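S.K.: Please build the complex by placing chain B with the ligands on the supplied structure of chain A, with the hints as guidance.
For the record, the sequence lines run as chains A and B. Per this note's numbering, the first sequence starts with residue 1, numbered consecutively. Per this note's numbering, the second sequence starts with residue 1, numbered consecutively.
Keep in mind the hints are simulated off the structure, nothing from the lab. Remember, it's a predicted structure, so these values are computed and weren't measured experimentally. Don't take each hint at face value.
[As the list claims (entries may be wrong)] In silico contact screen, one side only, chain A against chain B (beta carbon under 7 Å); selected entries:
1) 99
2) 100
3) 108
4) 112
5) 114
[Claimed, not checked] Here's a subset of chain B near chain A, in silico, CB distances under 7 Å, partners left out:
6) 5
7) 6
8) 8
9) 9
10) 12
11) 314
12) 315
13) 316
14) 322
15) 323
16) 324
17) 326
Built from N, CA and C at the ideal position, the CB exists for glycine as well.
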Amino acid sequence: MTDPVLHLSDIAYRWPGRAGFALSLPELSVAKGETVLLLGESGSGKSTLLSLICGTVTPDSGAVTVAGTQMTALSASKRDRFRAEHIGVIFQQFNLLPFGTVTDNIVLPLKFAPKRRKRVQSPLREAAQLCAALGLPDSIHTAKANTLSVGQQQRVAVARALIGHPPVIIADEPTSALDAGAQTSFLDLLFAQTAAHDTSLVMVSHDPRLGARFDRVIEMQDIVNVNRTAP
Amino acid sequence: MILRLAFASLWARVLTVGMTILAIALSVALFLGVEKVRTGAKASFADTISGTDLIVGARSGSVQLLLYSVFRIGNATNNVSWESYQEIAARPDVDWIVPISLGDSHRQFRVMGTTTAFFEHYKYRQGRALQTAQGTIMDDLFDAVIGADVAATLGYSVDDPIVVAHGLASFAEHKDQPFRVAGVLEKTGTPVDRTVIVSMEAIEAIHVDWRGGAQVPGQSTPIEEIRQMDLTPKAVTAALIGVESPLQTFSLQRAINEYRAEPLLAVLPGVALQELWAIVGIAETALLAVSGMVVVTALIGLMATIFSSLNERRREMAIFRAMGARPGFILSMLVLEAMITAALGAILGLAILYVGLVVLQPLLDSAFGLWLPIDAPTLRELWVILSVIAAGAIVSLIPALRAYRMSVADGMMVRT
Ligand SMILES: Nc1ncnc2c1ncn2[C@@H]1O[C@H](COP(=O)(O)OP(=O)(O)O)[C@@H](O)[C@H]1O
Ligand SMILES: [Mg+2]
Numbered sequence: 001m002t003d004p005v006l007h008l009s010d011i012a013y014r015w016p017g018r019a020g021f022a023l024s025l026p027e028l029s030v031a032k033g034e035t036v037l038l039l040g041e042s043g044s045g046k047s048t049l050l051s052l053i054c055g056t057v058t059p060d061s062g063a064v065t066v067a068g069t070q071m072t073a074l075s076a077s078k079r080d081r082f083r084a085e086h087i088g089v090i091f092q093q094f095n096l097l098p099f100g101t102v103t104d105n106i107v108l109p110l111k112f113a114p115k116r117r118k119r120v121q122s123p124l125r126e127a128a129q130l131c132a133a134l135g136l137p138d139s140i141h142t143a144k145a146n147t148l149s150v151g152q153q154q155r156v157a158v159a160r161a162l163i164g165h166p167p168v169i170i171a172d173e174p175t176s177a178l179d180a181g182a183q184t185s186f187l188d189l190l191f192a193q194t195a196a197h198d199t200s201l202v203m204v205s206h207d208p209r210l211g212a213r214f215d216r217v218i219e220m221q222d223i224v225n226v227n228r229t230a231p
Numbered sequence: 001m002i003l004r005l006a007f008a009s010l011w012a013r014v015l016t017v018g019m020t021i022l023a024i025a026l027s028v029a030l031f032l033g034v035e036k037v038r039t040g041a042k043a044s045f046a047d048t049i050s051g052t053d054l055i056v057g058a059r060s061g062s063v064q065l066l067l068y069s070v071f072r073i074g075n076a077t078n079n080v081s082w083e084s085y086q087e088i089a090a091r092p093d094v095d096w097i098v099p100i101s102l103g104d105s106h107r108q109f110r111v112m113g114t115t116t117a118f119f120e121h122y123k124y125r126q127g128r129a130l131q132t133a134q135g136t137i138m139d140d141l142f143d144a145v146i147g148a149d150v151a152a153t154l155g156y157s158v159d160d161p162i163v164v165a166h167g168l169a170s171f172a173e174h175k176d177q178p179f180r181v182a183g184v185l186e187k188t189g190t191p192v193d194r195t196v197i198v199s200m201e202a203i204e205a206i207h208v209d210w211r212g213g214a215q216v217p218g219q220s221t222p223i224e225e226i227r228q229m230d231l232t233p234k235a236v237t238a239a240l241i242g243v244e245s246p247l248q249t250f251s252l253q254r255a256i257n258e259y260r261a262e263p264l265l266a267v268l269p270g271v272a273l274q275e276l277w278a279i280v281g282i283a284e285t286a287l288l289a290v291s292g293m294v295v296v297t298a299l300i301g302l303m304a305t306i307f308s309s310l311n312e313r314r315r316e317m318a319i320f321r322a323m324g325a326r327p328g329f330i331l332s333m334l335v336l337e338a339m340i341t342a343a344l345g346a347i348l349g350l351a352i353l354y355v356g357l358v359v360l361q362p363l364l365d366s367a368f369g370l371w372l373p374i375d376a377p378t379l380r381e382l383w384v385i386l387s388v389i390a391a392g393a394i395v396s397l398i399p400a401l402r403a404y405r406m407s408v409a410d411g412m413m414v415r416t
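Same shape as in the complex, but just chain A (with noise of 0.2 Å):
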């Protein structure tokens, strides 16, 4: 196995104020071009968890790494720029500026990541390709991201992770606000296209039928120590 991607070692969270909800974690290591669905009862901190990978909270300790940098040795504003260059993130839902065309959604995240910015060529090519490629209508380029529908809008919001193909796919949920027959088809896109790019996938989900498409599947409580303080 090359080098882990995304490596997670020895964190330690707790949400400030009164949440009272702290999680450890010894060792979370994903591979370039691998797909991990994380599972977990609701509650057992898997966005808390995403949101450290991603680095838009800090662990109290530990080491979060993506793509060989050190993200929590990262000023914020480092960080944050850093998540824009090289994760793509997919939330459960509401994932689009409601007000934004469909096309201002998928380069959006282009506008803070210049390096990406620079490995597409042109932005609205490419946000075209990835539409037609997610089975969405040409028509809907310019239509109000909130005019689509649910199943739509998590398509959209798969092209602009995917848009300028950064290393690492963040996906939270994408798949529960979809029906049986909507999930699946998704989960085709998006696994065709992390697959055509060699995009490590991490994706969390409390169903356990979707298992079978990842190459690894882990238990939240098995990697993860969650400590809660009645408030």
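M.R.: Relative to chain A, chain B with the ligands alone:
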């Protein structure tokens, strides 16, 4: 693209944002309107008299003298004797002198006795002379020339008879001497519009049968007899003076102020106006402060709108953060939106001001003689607009800082 997104985001909340813009627009229009009326009134006041170097009256306050002699506001406490008047008129540094005799009225309008020299020397709006719209200036003893408002209000035209009352708002009318309208003046936007002008002799004539403010019982001198009498005035209320050379203004003023035979006062109209502004200034400042507060209120409304939008936009901020936007970007985005809102409001306010001016200009002119010019925005007005935009940015900092903190705390996953 960020600017476009900011506009799109505002457009998505068009109703609340529109209300905020409207509130700012109205407040800015009010503020600029007050400012316009203020400067317009000032200019209008200053336009009331021009070409007169000195105003002379019995000793009182200079503002008081200006008000009663030119604006027909208030009354003279004392008169200037005809001898003193003659003596001043005879001075070599006096180029021209016009006597004014006030104290009588016709309906709600004041009657002013003067000479035909008044029409020659009284100037308004940077040297404009009075013009008759109909008829001519007075010629006969019982001729009257009336201002445009007098004619319009009372429906008078040339040759109509009018009766002059002694004293103001007095019912004791001088029934015996019916005057005739000889001419109607063009509208000037000055108090002349609301004045009935007769000759000095006419003022004397009306008072032939009067002693100490009451009609002598049973006495009624026939008009023909009056015409034969010596009607030389005994006193004047005030006089307008033009000097031979501007350099002599101050020495003449001093000479009149130090006049021995009776206490007199000579004022420069411009200086007296300045004194008047100093008094009116307090009210002016208060008015400006109130309209300024209205602008502040609208800006607080803007702040409230941003505050109340923060929760519904939490998701949006999380998206930006996940895409790699710094919390500072979120902050600037909110400030930018506030500035756009404030700018749109201010510009709309300016537009409302101009529409208002176009609509109200003739009304204000006819009702108050206040002429507000419609010019390109002044530098001062542009400053007001820029200040409103800057103030919008400043007030938005408070909710924007909160959004900043929220987006740091939330990370990219909004808690639900
Ligand atoms: N932004 C936040 N601020 C404070 N506490 C939070 C925040 N997000 C999550 N938490 C805490 O972390 C716990 C786990 O939440 P989360 O990581 O979202 O779990 P999952 O995604 O597995 O449902 C929550 O119960 C809450 O107490
Ligand atoms: Mg979650």
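S.K.: If you take the shortest Cβ to Cβ gap from residue 315 (chain B) to chain A, is it below 7 Å?
M.R.: holds, 5 Å
S.K.: Is the hint on residue 99 (chain A) kept, meaning its closest Cβ partner in chain B is under 7 Å away?
M.R.: It holds, given that the least Cβ distance between residue 99 (chain A) and chain B is near 4 Å, below 7 Å.
S.K.: Is the interface hint for residue 322 (chain B) satisfied, with its Cβ closer than 7 Å to some Cβ of chain A?
M.R.: Given a least distance of 4 Å, the restraint on residue 322 (chain B) holds.
S.K.: Is the interface hint for residue 12 (chain B) satisfied, with its Cβ closer than 7 Å to some Cβ of chain A?
M.R.: Since chain A brings a Cβ to about 4 Å from residue 12 (chain B), closer than 7 Å, the hint holds.
S.K.: Double-check residue 324 (chain B) for me: the hint is only fine if its C-beta lies closer than 7 Å to a C-beta in chain A.
M.R.: holds, 2 Å
S.K.: Answer holds if the nearest beta-carbon of chain A is closer than 7 Å to that of residue 6 (chain B); otherwise answer violated.
M.R.: violated, 10 Å
S.K.: Verify the interface restraint on residue 100 (chain A): the C-beta must sit less than 7 Å from at least one C-beta of chain B.
M.R.: holds, 6 Å
S.K.: Using the nearest Cβ pair, does residue 5 (chain B) come within less than 7 Å of chain A?
M.R.: This hint holds: residue 5 (chain B) lies near chain A, its Cβ roughly 6 Å from the closest one there, short of 7 Å.
S.K.: May I ask you to test the interface hint for residue 316 (chain B) with respect to chain A, counting a Cβ-Cβ separation under 7 Å as satisfied?
M.R.: Holds, about 6 Å.
S.K.: Grab the minimum C-beta distance from residue 8 (chain B) to chain A and call the hint holds if it beats 7 Å, violated otherwise.
M.R.: holds, 4 Å
S.K.: Does the closest beta carbon of chain B sit nearer than 7 Å to the beta carbon of residue 114 (chain A)?
M.R.: Since the shortest Cβ distance to chain B is 11 Å, the answer is violated.
S.K.: So, as I understand it, the hint says residue 326 (chain B) touches chain A; can you test that by seeing if any CB pair is closer than 7 Å?
M.R.: holds, 5 Å
Hint compliance for this structure: hints 5, 7 and 11 are not met, and every other hint is.
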